[in-house]
Structure formats: C-alpha cells, structure tokens
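Asks: If you want the building blocks of each chain, they are given just below.
Number of protein chains: 4
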Amino acid sequence: MKDVVMTAEHTLEKLGLTAAELTGGSLEVRSPIDGRVLARVHETPVADMDAVFARATAAFKAWRTVPAPRRGELIRLLGEELRAAKEDLGALVSWEAGKITSEGLGEVQEMIDICDFALGLSRQLYGLTIASERPGHRMMETWHPAGPVGVISAFNFPVAVWSWNAALALVCGDPVIWKPSEKTPLTAMACQKIFEKAVARFGDAPEGLLQLLIGGADLGKALVASEAVPIISATGSTRMGRAVAPIVAQRFGKCILELGGNNAMIVGPSADLEMAVRAIVFSAVGTAGQRCTSLRRLIVHNSIRADLVARLKKAYAGLPIGDPLAEGTLVGPLVDEASGQAMEAALKAAEAEGGTVFGGKRVTDGVPEGGVYMQPAIVEMPGQTEIVKTETFAPILYVMGYDGFDEALEMQNDVPQGLSSCVFTLNMREAEQFLSPAGSDCGIANVNIGPSGAEIGGAFGGEKETGGGRESGSDAWKGYMRRQTNTVNYSAELPLAQGVKFDI
Amino acid sequence: MKDVVMTAEHTLEKLGLTAAELTGGSLEVRSPIDGRVLARVHETPVADMDAVFARATAAFKAWRTVPAPRRGELIRLLGEELRAAKEDLGALVSWEAGKITSEGLGEVQEMIDICDFALGLSRQLYGLTIASERPGHRMMETWHPAGPVGVISAFNFPVAVWSWNAALALVCGDPVIWKPSEKTPLTAMACQKIFEKAVARFGDAPEGLLQLLIGGADLGKALVASEAVPIISATGSTRMGRAVAPIVAQRFGKCILELGGNNAMIVGPSADLEMAVRAIVFSAVGTAGQRCTSLRRLIVHNSIRADLVARLKKAYAGLPIGDPLAEGTLVGPLVDEASGQAMEAALKAAEAEGGTVFGGKRVTDGVPEGGVYMQPAIVEMPGQTEIVKTETFAPILYVMGYDGFDEALEMQNDVPQGLSSCVFTLNMREAEQFLSPAGSDCGIANVNIGPSGAEIGGAFGGEKETGGGRESGSDAWKGYMRRQTNTVNYSAELPLAQGVKFDI
Amino acid sequence: MKDVVMTAEHTLEKLGLTAAELTGGSLEVRSPIDGRVLARVHETPVADMDAVFARATAAFKAWRTVPAPRRGELIRLLGEELRAAKEDLGALVSWEAGKITSEGLGEVQEMIDICDFALGLSRQLYGLTIASERPGHRMMETWHPAGPVGVISAFNFPVAVWSWNAALALVCGDPVIWKPSEKTPLTAMACQKIFEKAVARFGDAPEGLLQLLIGGADLGKALVASEAVPIISATGSTRMGRAVAPIVAQRFGKCILELGGNNAMIVGPSADLEMAVRAIVFSAVGTAGQRCTSLRRLIVHNSIRADLVARLKKAYAGLPIGDPLAEGTLVGPLVDEASGQAMEAALKAAEAEGGTVFGGKRVTDGVPEGGVYMQPAIVEMPGQTEIVKTETFAPILYVMGYDGFDEALEMQNDVPQGLSSCVFTLNMREAEQFLSPAGSDCGIANVNIGPSGAEIGGAFGGEKETGGGRESGSDAWKGYMRRQTNTVNYSAELPLAQGVKFDI
Amino acid sequence: MKDVVMTAEHTLEKLGLTAAELTGGSLEVRSPIDGRVLARVHETPVADMDAVFARATAAFKAWRTVPAPRRGELIRLLGEELRAAKEDLGALVSWEAGKITSEGLGEVQEMIDICDFALGLSRQLYGLTIASERPGHRMMETWHPAGPVGVISAFNFPVAVWSWNAALALVCGDPVIWKPSEKTPLTAMACQKIFEKAVARFGDAPEGLLQLLIGGADLGKALVASEAVPIISATGSTRMGRAVAPIVAQRFGKCILELGGNNAMIVGPSADLEMAVRAIVFSAVGTAGQRCTSLRRLIVHNSIRADLVARLKKAYAGLPIGDPLAEGTLVGPLVDEASGQAMEAALKAAEAEGGTVFGGKRVTDGVPEGGVYMQPAIVEMPGQTEIVKTETFAPILYVMGYDGFDEALEMQNDVPQGLSSCVFTLNMREAEQFLSPAGSDCGIANVNIGPSGAEIGGAFGGEKETGGGRESGSDAWKGYMRRQTNTVNYSAELPLAQGVKFDI
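Protein chains in written order, with UniProt numbering: chain A, 1 to 504; chain V, 1 to 504; chain E, 1 to 504; chain L, 1 to 504.
Errors might be hidden in some of the hints.
As the list claims (entries may be wrong) - With a straight-line Cα cutoff of 20 Å, these simulated PhoX-like cross-link-like pairs (lysine-lysine) come out: (1) K193(L) - K14(L); (2) K221(L) - K183(L); (3) K86(A) - K193(A); (4) K193(L) - K86(L); (5) K254(L) - K478(L); (6) K254(V) - K478(A); (7) K254(V) - K254(A); (8) K501(L) - K86(E); (9) K478(E) - K478(L); (10) K254(L) - K478(E); (11) K183(A) - K221(A); (12) K183(A) - K197(A); (13) K86(V) - K501(A); (14) K183(L) - K254(E); (15) K86(V) - K254(A); (16) K478(V) - K478(A); (17) K254(E) - K478(L).
Claimed, not checked - A few chain A residues that don't get close to chain E, going by computed Cβ distances all over 12 Å: (18) G24; (19) T44; (20) E182; (21) P246; (22) E327; (23) A349; (24) G354; (25) T364; (26) D403; (27) E407; (28) R429; (29) E430; (30) A492; (31) L494; (32) P495.
Derived from the structure by calculation, the hints contain no laboratory data. As the structure is a prediction and not an experimental result, all values here were calculated from the model. By construction, the Cβ of each residue, glycine as well, lies at the ideal position given by its N, Cα and C atoms.
Model the full structure from these sequences, guided by the hints.
Replies: Structure representation (structure tokens):
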C-alpha cells in the first residue's frame, strides 16, 4: 500500500498542491482505500468568513458586467485544464473517495462535459421578448446574475457536483464559495489549482471568483446563514437539507437541494433480462452503492423474480472487490467505518423485518488493509418495510415482487425520497405509463437503463425529500440568475393595463 | 350610505351567495367604505382540514390524468363566467376592499386575461426533447402535475391573485385550496360560486378542485404545514412570508412568495414630466397606496426636483377622495383603522427623520362616515432614512433628490425589498442601464411607466424580501408542476454516460 | 334529396349568405352528395386584384401596430362565433365537401381549437433576449408582423385549413387573402360572414383583414405572383405546389406548403390488432380517403398479415356508405366524377402491377342519386409498385408484407411524399426506432394511432414532396412573422465583434 | 511585393496545402493585393458530382445516428484546430480576399466562436414535449438530421460563412458539400485541411462529411439541382439567389439565402456624433465596402448633417489605404478590376442623379502595384435615387438628409434589400421606434452600433431581396434539421382528435 500513498503524493504534487498546504493542518484526510493519512490540511477559520463574503461580493460586482460569452471563455479554459488534468484528478478521486479508476475518470469527464455545455450557454442565457397589450410598449424578461453562490458538496461526488454548479454559476455571472465534504478536501484543493490555471490564462478575472472553505459544519452554517450569499446549492443527506432549507428560506435566499435518493427499478415480464442484470449490478454496486442515484429497490414481476434473483446472485458472487485503483476492481471500499456499520445495521434490520440476505459480509482477503470492504448485498424482502424506505448509503439491494403494473408503480412511489427511478420493459405501454403523470414521482425516470449515470444535458435532481433542486442541463442555469420583467413605454401615452382608467 | 349596503346585498345575491351563507357566522365582514357589516360568514373549522386535504388529494389523482387541453376548457368556461359576472364581482371588490370602480373592474379583467392565457398554455406546457450522448437513446423532460396548491391571498387584490394561481394550477393539473384574507371572504365566496358555474358547464370535473378556507391564521398555519400540499403560493407581508417559508422549506414543499414591495421611480432630467406626473399619481395613490407595487419612493434628479414636486402637489391637491363607488373618485378608503394609524405613525416618523410632509391628513368632509379616508401624502426627505426603507401600506410618497445616475441606481437598490421599479427618462443610456445587470435589482423594472399595473403576460414577482416567487405569465406555470428528466434506451446495448466502463 | 337541398338553403341563410350572393354568379357550386347545384356565386374579377392587394397592405399597416393581445381578442371572438355556428357550418361542410356529419363538426371544432390556441399565443409571440459578447450591449430578437398572407386551400378541408392560417396570421399581425377551392366557395363565404360578426363585436379593426377570392386558377396565380403578399400558404396537390413554389421563391416570398401525402402504417407482430383495425378503417376510409393524411399504405408483418387482412375485409364489408348527413353513415361520396374515375384507374393499374383488389366498386343502391359513391378498396400488392407510390385521392388501401423491421421502415420511406406515418406495435424498441433519426422520414410519425387526425397543438406538415411547410401548433406561428435581431449599445464605447480593431 | 507572395506560399504550406494541389490546375487564383497568381488549382470535374452526392448520402446515413454530443466533439476539435491555425488562416484570408489583418483574424475568430456555440448546441437541439388533448396519449416534436447541406459561399467572407453553416450542419447530423467562390478556393482548401485534422483526432467519422467543389458556376448548378441535397445555403448576390431559389423550390428543397444588402444608418439629432463617425467609417469602408452588411446609406437629421459630413470627410481624408497586410492599413484593395469599374460607374450614375462625390478616385501611390485600390467615397445625394437603391459592392456612402423620424424610417425601408440597419440616437423613443413593428424592415436592426459586425449568438440574415435566410445563432440550427411531430398512444383506447366519432 505504501506505493499507493507514494503515488498519491506524486499526484498531489502534479496537481500543484504544495507540502505547505498538505501538512501541518488540523484536518486529517484519510484514504478509504487503506485508512492511511493522505494529508493534514489547514482549515478555514470561521473568523475569516466575513472577508470571504466581502471578496465574493466584490467579485460579483465586477463579474456581473463582464459579458457572458467572455465569462464562457473562462469556463472553456477550465475545460481545457480539466482535460489536461483528467488522469491525475481522476486518480485523486479514487484515493480520496475510494472510487474505482473508471468512475474517477468518469467523474472528471462529467466536469469536462458541463464546461462544454456552459460554454454554449454563455451565448444564450435566453430570456423572452413578449407581446405587450399596450400600443407603443415593449415587454421582455431578462436573466441577470444573482450574486455569490454557496456550494456544499458531498464526499461521493467530490468534484463533479462542484463543477456542475461552478460552470453554470460562473457563466451566469456569479462567484462561487465552495464548502466540500470534510472527507474530501484534497480533490477540492486540486480543483482550485486547476481553476487558477484557467484564470491565469484568462487574464482579467476579478479576484475571488472561487473561494474554498476547508473544514467542518461551522463553516457550512456560516455560509448558509449569510445574506451575502443569495443562492445555496447543497448536496448531501435529507437530514442536512432539512436543516439548511429553513435557514435559507427565512432570509429569502434560494436553495438548490440534492438530497437523499431511494431509487427503484421495476422489471417487467417482457424485460431484456440480460441487460437488466448488467444495469442492476452497475447501479446497485457501482461506487459501492454510495451514489445518491444508486439502485436500492428492485421491484420484479413475480413471474421472473426467481430467475432474475438467481442471475443476480451469480453476478454478485463474481464481483471483484478490493483496491479501487487495481485493474479490474468493480467494488471499492466504503468511505469509512461508520458506513460499514450502517450497512451492517441495515441488513440486520432487514432480516428483522423478514428479509433474506445474500452477501453483505466484510471482505478481508485480497483487499487493502485499513479499508472497509463489504460484499454487496441482495436482500429479498416480503414487502416494502421500514428499512426499505430508508436510504442506507451502501451496496444493499432490496428485492420485492409484484403482480400488476399499478401495484409496482405504487411501490415505486411509496417512499419519502424522489430522486431517480427506472423500468426495464419492452412493453411500450408499461414504458410510457411509467413516464406519465400517473407514473414515477421522481425527478429522473428512465426506461431500460438504470437509475444512475445521468447525462449532463438533462436537469438533474428530484422531488419530495430529495429536495426539489435541479442542476446541470436543460434550464437549470436559471437557478443561478434572477429574472427581471421589463415593460418599456416608448409612446407619449400612458395607457394602464387591464383597461384601468385613472385620469387626474 | 344605506343604498350602498342595499346594493351590496343585491350584488351578493346576484353572485349567488345565499342568506344562509352570509348570516349567522362568526366572521364579521365590514366594508372599508363605511365600516358597516356586509355579512357574518361561517368559518371553516380547523377540524375540517384533514377532510379538505383528503378531498384535494383525491381530486388531484383524478385531475392529473385529465388531458391538459380538457383542463383548459374548464378555465375557458371560467373566463366566460367571469366576463358575465364582471360588473358584479368588480363592484363587490369595491365594497369589500374599498377599491374605486375602475380598479375593481380592472381586477376582474386581469382574471379574465389570465384565463385566456392559461387556456393557450393548456395545449403547450412544453418540456424539451434533448440530444442524448448515447446511441439508441432518447432524452426528454416532461412537466407533470405536482399536487394540491395552497393559495393564501391578501385583501388588496382579493380576487386577481387567486385567479393567477388558480388558472395556472388547474390547467397544470393541480387542485387549489384557497385561504383568502379574513378581510375579504365575500369576494372569495363569490369566486367559488362563479367557478362552480364553470364546473357545472364543464361536466365531469372531480369534486374538490377548489376548496375555500374561510377564517383566520390557524387555517393558514394548517395549510402551510400540510404534507398534502406540496405548493404554497402566499401573497402578503414580508413578516408573513418569513414565517411561512421555513415551515414549507422544512417539509421540502415549494413556496411562491409575493411579499412586500418598496417601489421606486427614478426621474431623470430628460423625462417627459407631464407623463411622469400622471404615472406617479396613479402609482402612488391608486388603490389608496395599498398595492404591493404602489410607488413609495421618488428619486428625482435635482435639476427638476422642485418643478416636479410642485406639479405633484398641485395634482394631489385636486384628487377626488371619497366613496370609491362614486363616479369620479380616484382615492378611496384605507382598508381599516389600523391602516390609518400606521400611515399617521409613518408620517410622524418621517418628520422625525427630517421629512417635510404635504397632505396626509384624515378626510372627513364629503366622504362616507365610518371609513378611513386619508389625503395622500408627499414627503420630501433629506435622504433615504429608515422609514423610507420600510413598507407602509398607505399612500405615502417619499421624495429624494440625486445628482448622478449611479447614485440614483444605488438608492433604488438600497432597500430590503425587491419587487418593482421604474425610470422615467428619454435618454436611452439611462433606460438601458436601468435594465442592465448592474441596474435595478427588482423583479420588475419598467421604463416610462409606473411600477404598478403589470400585464399578465410577464412573470410577476420580486427579489430579496419580496420573496422570489413568480406568478402569472412567461413560464411561471412551471412553479405548479414537477419536472421529470427521462432517458429511454431503445437499443440492445447498455452504454454508460461519461464513458464509464463497468463490465461484469 | 330535395330535403337536403332545402336544408342546405336554410343553413346558408342561417349562416348569413344572401340570395344575391348565392345566385346569378358564374361559379356553379354542386354538392358531392347528389350533384345538385347549391348556388351560383359571383367570381372575383382578376381586375380587382390590385385593389385587393392595396386593401391588404393598408390593413397591414394599421394592424401591425395593434397590440398582439388585442389582436388575440378578435380571434377569441371568432372562436365564440364559431362555437355559435358550429352545427350550421359543420352541416355546410357536409353539403359542400361531402363529409359525414361527425367529420364536418370535427372540422369546425378544429377551427375553435386553433382560436383558443392563438388567443394564448397573442400574449406570447416570444422572441429571445440573448447574452452579448460586448460590454454595455444588449441583444435580443423580436418577431414582427410580416405582411399580408395569401391562403390557398383545398376542397377536402374547406374551412379548418383556413382557420389554422387565419387565426395565427391575424394574431401575428397579418391580414389574410383567402383563395378557397373552386369546389367549396360557400363554406368560405360562410366563414367570412362569421369573421365579420367577430369584427363587428371587436369594434375597431381595419377594413380588409380578411378578403376572399372566389374563382379559379387565375386568381391564385395573381395572388402567388404578387410582391404585396410576402407569405403564401398553399394546401393542395404536389403538382400545384411545384408550380407555386418557384414563383414565390423567385420574388423572395415565403411559402408554407401542405401538399400530397402517401401515408403508411406499419403493423408489427406485437400490435393490438383490434385497435389497429379500427385505426386503419378510420384512417383509410374516413373522408372517403380524401384526407392528405389518409392512410394509403399498410405494411404488415407477414406473421399477422392474413389475419389482419381478413379482419379488415370483414370491417370494410360492413361499412355504411351513403348520404353523409344520414345518421350512421361512415363513408360519403367522392368530391366529383373525376375522383371516381381516378380511383378506378388506380385500381386498374394496381391490378396490372400484380395487386388483388377487394371492394372498389361503384355503389348505387341506397345512396343519393347524382353522387359518386365508391366501396373503399383493399388492394393486396406483391410489393411497393409505381401505383402504390402515387397518391390517389380516394379510399384505396394498398397492403404489403414485411419480415424485418428495417425492411418495413425502408418501405415506409420509399415514396416521394413525406407527410404522415405511423406504427402499431406494443414493442417499445420498434416504437422508438420508428421515431428515431433513422426512422420515419415524415413530418408526422405516430405510435398506435393512425396517420390522420392531428391535434392542433403540434406543428402540422411534411417533408419531401409534401412541401416542408408547418402550420397550426408549436412554433408554426413564426412562419407568419419576420424575425429581427437587435443589438443595442448603451455604452459610450464602440467595441467590434470578434475583437476586430479598426481605429481611425 | 515579392515578399508577400513568398509569405503566402509559406503560409499555404503551413496550412498543409501541397505543391501538387497548388499548381498545374486550370483555376488561377490571384491575390487582390497585387494581382499576382497565388496558385493554379484543380477544378472538380462536373462528372464527379454523382460520386460526391453518393458519398454525402452515405456519410449522412452513418452520421445521423451518431449521438449529437459526439458530433459536437468533432466541432470542438475543429475549434481547437482553428485556434491553432488562426494566424495562418487569417493571413491567407488577407492574401486571397484582400482583407486587412485584423479583419482576416476576426473572420477566423468568428469561426471559432461558432464552433463553441455549436458545441453547446450539441447537447440541446431541443424539441418540445406538448400537452395532448387525449387521455393516455403523449405528444412531442423532435428535430432530426435532414440530409446533406450544400454551401455556396462568396469571396468576401471566404471562410466564416462556411463555418457558420458547417458547424451547425455537422452538429445537426448533416454532411456538407462546399462550393466556395471561384475567387477564393485556397482558403476553402485550407479549411478542409484543418477540418481533416479535427477528423483525424476524432477517430471514427464517416468519410465524406465535408466535400469541396472547386470551380465555377456549373458545379453550383449541379449542386443546387440535386435531389440528394435537401438544403442549400447560398451566400451571394440577389441575382444569384433569384436563380437558385426557384430551382430548389421546385424540387421541394430548402434554401437558406444570404443575398444583397443595402444597409442604412439613421443619425438622429441627439446622436453621439463622435461615436457615430467611428461607426460610420468602419461600417462603410471596412473590408473596402465589400461586406453584405457594409453601410451604404446615411440618413442624417438635417440639423446635424453638415457637421457630420464635414467630420466624415476629415476622417476619410486620413484613411490609410494600401497593402492590407501592412501594419496600420484600414482600407485594402477591391477584389478585382470589375469591382473597381463598378464603383466608378456607380459614382458616375450618382452624379448624374444629382449627387456630389467626395473621394472615389483610384489610388496608385503607396499601394501595391497590380491591385485595385480606391478612395472610399462619400456622395451627398438630393434624395434616395435609383443608384442609391442599388447595391454596389464598393466603399460608397450615400448621404441623405431628413427632418422627421417617420420620414427617416420610410427612407430606410424604401429599398428592395432588407439585411441590416441601424440608428444612432440617444433618444429612447427613436431607438425603440426603430426596433418596433413599424420600424426597420431589416433582419438586423441595431442601436448605436453600425450595421456590420454581428455577433454569432444572434440569427444572421435579412428580409426582402436579402432572401429571408437565417444563419449562425438563436435557433438558426433548425434550418439544418427536419421537424417531426409525434403522438404516442399508450392507452388501449382510440379516441379521435376534435371529438370526431367513427365507430365501425
């Protein structure tokens, strides 16, 4: 394992992080791979927050009048720098978050994609011109920069979620203040280095477009409470969202929340089972079940249930578990010991509620010492009990049977979360019904692909306890701007709307 | 005055309200015109709320699958019924809210306009089809009905604001639960009668599409807190919004807030003063200064300040104040005695902060006894002091001078509210700067028209303490729906986004 | 039959057509029902065309500055008048075009629908505000009225197609000059009466918003050639379009062409055959096969071919053929004797090319004398021969078999026309493939509904020899406006785009 | 001058053009700078055209199913290659088209900008999902690739116009067949080399995505007439467009025409004259008056006319004319002798029609021998005579006076062309009126910037004899795709639109 740490050090160096930045700090960063300390980084003092807000406000005043296509050029350069740093940053994601190589690289690719998308947006940011009811009047609505954006991100997508927010926010004219997870400060620091390279090439950006808050919950609290930060984009648990949202609401700020998911797949009798198996395994065990979009609930037509479960068990039995940086590994470690215990507790609860567990044991052979490696678990449940309705951030897949499609839909919707969902079926009626107003109640609903792995072109986010926010594609950029409705009277008359008369 | 009450009774009867509904209840409804009791209506028991929510939920399940153009037909019929009832409902608005005749009718016209607009929307509700990065895949986003909508409205637009919400919500597939102001239950009850006529002609609408909550704050609280009501659209004071928003946020509901405004007009040296005077008087004294978009702050270039103030004083001196239903009246009563006292207190504070008050006295001659009639006030201020930054719901116009346009813009933005704003100028540079990213920070910004009297085609609402909601035109309808992002794989392959590989 | 004529006269009278208008003219109007003369109407002299154009131009100058929502009010009133005249106008469509009652009424309903839609549009007509690359600059695009629109319509939709064009054109600010088919001047004259009622209620519309050209091809030619008419919307045969398009193109006018269709249905092995049969019969024999969207080609999977054909023959055998105004009739007359002969010629050709014809005979029993009544024909073909690729405006359905779905798609696309198409399948892969970039090449492509009977909310029109025009819903309204791109510089600087330097 | 030619050779080499390609051909390429032969290139034989079309068709079949974001990647790479080749390609534009250095580089920058824009589009290409009137039905419209696009470009923007078309067409899924001007084949050949570099890096593009037609009008004719090329985008003279458009129309192809402009500026009494002078000079003499958007008509308020003309003459007198590659040059050569003679003829005609000419003489001192260098001309006209209404592709500026703004607007619109236009004014009423439905009738209308130098974010093109096409930004991409309207029935019912009944 020493090698890995050494390589991690080398990568950190290549990404521009200095020894001074990586040592002597109060925040210990451990790799989920083997639990070793990768660095001890310096925390942002809470006392500095006022200065942070002041810098962001000043940066906003300058940045908002920079033409959007010029702001887009900064993001284009950021995309170039990310392309150049892809391998290193991807590897660092593996070290710090425990993802397998392909997923670490995929996450960086997602950053690159959003930069391309935001670059295009920078010549759009379309508002509307609107027909006015009054002669000699013109109406339009314009989207203007809104102010500094606070981004709170989670360990499991330590860099992509930031980039979704930052690429859009910066193109929209807003500076960013980023509070990454305490578990993943290094990837955040690396992103800032990469961003600074882009800024240097760009030339005349105001200082303070991106500020990093390294540390714990007190920083997040200060960020969330600040009137200087009109927009808070927070990714994490429902519990966190439930704390954050009212504080922001009370000060009339805007929240973009990406909270818990408890994502299901319905497998219909006509499904292509071979595809379904691959989709299920990727969705349920990818990132060791620690995606907000991980598949957690499998709702299978009873006619194919036994067959499908058998196939899944076979696939699960052969999954390569271990060092995520090793070639061929598909299941890496959980992020920490607490996660491992949470998984064990959930499996216990599931058994208590009538479930039969397959897998779910600790793995100690052939895996790096010091990491928390678990067998992904398949749990056959008699119904959708309490534990099934609870999000456990671990590779647990609950399996339930159904007979009629309406029953399956009802089960799909009968959880408090509303992020992602999917159906496997070759029957167009089932597929369409799943996507209809009476179908899935989630923000994401797919057909014949799993619930995870969204493209950046669509809006990402979910309903109910997932928090209702939308990021990434479509018109999610509007969440980073303020809308203004304008009526311009170029006549010499003063007609009132709705035919009101008021002659003085 | 007896006549008026008699006519009110007659109008109530024509609008279908029965004696049983108007008498014997615990909620006394007084007319601002003369303070007489118009009716004693029955309050909705808090104990009934669960049944209300259950009816709304059942109605939602049925209504969401009714095709939107068919839902639009209901709103078309509502528009027809409103056209038929325009004079009566307009008059009732005058009696119950104290508006002058033209404004009462204008409010009903606004209801009609939004019905026409919503009818058109009912064949749109456009989502997007989106280019997918994967072969054999299709992406789209669809907007689905979201669930019951709680509408909390204020006394000053007792019917229009409901119609903005109801027309869109119903076309979008959502039932409505309406809690009108305690001061204006009669107009709400009349609206429900009108709505029921439309429903009867429509034929097969589910029961419970519109439910009325008559009574006080406890009903509002129950509404706001209910998980059965995913969307709360609340119009009222900032104080109210600050109480409502966190409650809704904590349960991950969505708020559409239309709160306080403190709206300014900048008058530049090139302004058409004759037009400006007319716009100022209408915006500042219309609805007796009780619009959320009423003009409250006048920021005048010092070169024309004296001239403009003199013209305004002359116009104010000649304003017909009195019975709002009498021909020619431009200024009716304040809604109640508390409002009169608040106005007096504000004027006193303004004087204490260095202001010079013109007008602002109680009017007792030639006005109906029992109402609170005030002279609209012009207050020349040495600067934008505390009281100027406070919204007082009364016809007070604070006047401040400026020298440079940037200074004027800064004053315009230097209040906590962010609803409406305008500039009077013939200089295109000033006009455009006012509308630019560095211009007005309000949700509405106009040129050469006052801050009030928006057309329904634009999105209505404001920033900062105004609450950030948008109603009426543009894509405000999206606030009443849930967005779903779909990816459909019709190939026999299973490629992952971002090029991720995961081969089991 | 006397009764019918009498009723026709009564209906014409109810629709406001006077004896003077209906008699003494040079254009004889015969009913397809029994060939009797319904009226002799007066033709527009070609010599009047200059005056027509002058009136349209003058009307345009006035109408273009009337606010669009006000223009929408005219269309709302038109919708009301159409609702009031629905039964009469529907009946007149039956008399003059030979449609069955339900289709005549459906056509009027379509007119009503488009009025509702256009009313909503009248507060939209959205252009864009666009991010500019230059500081102190604002970009937007606006849609402006374009000028008089020439509408050339065909006998088979004598009123709906006009309304699609007129409702949009008038809301967009453009007057309309309408040249209906020589075969159906009466319904056009009735529409003008209805329109005039709306205009009268509207109040202050300029004269000449709608002008009718009654007569033959010379009027159409003058219309098409006129520089005063920037937009020509022409519905009819491909031959007509091929003549019109180059003339308009040479004078840089815009064409909206709705020409021939040769619409196919693919029926896959998983199709719901019971539904397919009903869809096929309606699409193939509705309007006696005289819709541009009529189903003409049936491409059936060989495994179900025999079964499907047997079911169709059974259904065809029981079709009630006769007086379209009689209760229960599903198949009315062809429009004239030439159409009957064209059908017979096509069937003969089909036989010569290897086809086996079922039905297709003249019907003389139980049908009104003087009309051309034909049995709808099913022709089983060995392949897609020449006659199959030719549009014959009659109820002929060619049936071909296929084995692989790609083969079926290729047959679907292998005709010169490109209007409408559909697939019946419960297999989502087939459904999606049909709608994919490599699927149907038509402007309309449906799943599990026939090719005809589009809703007005979508854009209507087709590719290839169909002419490429789009009418009705979506953003088809843009075809009636001109787009203007605006850049406004409100700074005191003069930066050039693309960083060009040019310092004098 | 020898140096220049040598450098040209070096640049051609750097751009990858080989001696074999540059010599021995039948098409002589001369530099406008000094008339020397830059190369003798090989013409595409007309006999090859069928193969060209076949390759394009094959490429289309493959390219249309490549996901659009992947197609966008090719354009991103093209943008990178253009960035790398910017100086060389810009210089070649100067040599081959005679543009000054800054304009040559600006043209390449425009290519880069459109690549960025198209890259963003590649994850959009948005169609709509649309509310259906029928239960259990779903409507949407999708944009699909349309087929090979023929691009005909002119000498004056030898590369940018191609890139506008190619970037959009390729992202939209369409191969491109490019026929550049006979005068500028070298820049086209260089572009193909650059494109091939991008293709090589891309990896798996089908062969034939970009094909070049080198030669004369017969190639253009074959291109325009081919059924294999559904879209023709042609830039050039009105005369050319008038020939092309009917041919394409007759075969139901689509034209995107960018033809003649005769662009005016209105200068109002409040205008910032210092800015106006700079804008006028750049717009009128930039690219030696050979832009389609060049300023040709100056409509000046009579109160400032003398002053403005005097300032212009002073500025014109000091213009550096000569070798466009020399530092400081603002006016380079006309493209050829014919252009020089056309300019002289126009000036003569202007004088005959009452004009007074300033400048307009041949320049022979201090300019490279062999080129056609002309003094830009200012011609004061008594009114808008025939020659003023004619586009002469040379630096002639006609000046006319006006008194009322309506008069100025009428003059602005009273020419057959309709490309670009602008007003200089600080008066917001004039500015807005100019942009209103009754204002400029051009496709482009600007305020306080000249008529030329559009940003790529807006749609580019014009009305009337300009041909009506739109390229570049906004939704111009739709011109390269086909629209398909889909209705999907996922119910087991078969309701008909408009409530039609047809029960068999």
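Asks: Can we trust that E327(A) is non-interface, i.e. its beta-carbon lies farther than 12 Å from all of chain E?
Replies: 35 Å, holds
Asks: With the threshold set at 20 Å, check whether the alpha-carbon distance from K254(L) to K478(L) stays at or below it.
Replies: Between K254(L) and K478(L) the Cα gap is close to 12 Å, so the pair holds against 20 Å.
Asks: Given the hinted pair K478(V) and K478(A), is their Cα-Cα distance within 20 Å?
Replies: 12 Å, holds
Asks: Report holds if the minimum CB distance from P246(A) to chain E is greater than 12 Å, and violated otherwise.
Replies: P246(A) is indeed farther than 12 Å from all Cβ atoms of chain E, at 34 Å.
Asks: Once the closest CB in chain E is found, is it more than 12 Å from D403(A)?
Replies: D403(A) clear of chain E: closest Cβ-Cβ about 19 Å, beyond 12 Å.
Asks: Holds or violated: K183(A) and K197(A), Cα atoms, limit 20 Å.
Replies: Between K183(A) and K197(A) the Cα gap is close to 25 Å, so the pair fails against 20 Å, i.e. violated.
Asks: Is K193(L) close enough to K86(L), meaning Cα to Cα at most 20 Å?
Replies: 13 Å, holds
Asks: Decide if the proposed pair is consistent with the structure: K221(L) and K183(L), CA atoms, cutoff 20 Å inclusive.
Replies: 17 Å, holds
Asks: Are all beta-carbon distances from E182(A) to chain E longer than 12 Å?
Replies: Correct as stated: the minimum Cβ-Cβ distance to chain E is 37 Å, above 12 Å.
Asks: Report holds if the minimum CB distance from T364(A) to chain E is greater than 12 Å, and violated otherwise.
Replies: 45 Å, holds
Asks: For G354(A), is the shortest beta carbon distance to chain E beyond 12 Å?
Replies: The claim stands: G354(A) keeps its Cβ more than 12 Å from every Cβ of chain E (closest is about 34 Å).
Asks: Under the criterion that the straight-line Cα-Cα distance not exceed 20 Å, is the pair K254(V), K254(A) satisfied?
Replies: Between K254(V) and K254(A) the Cα gap is close to 11 Å, so the pair holds against 20 Å.
Violated hints for the displayed structure, listed by number in ascending order: 12, 14, 15, 28, 29, 32.
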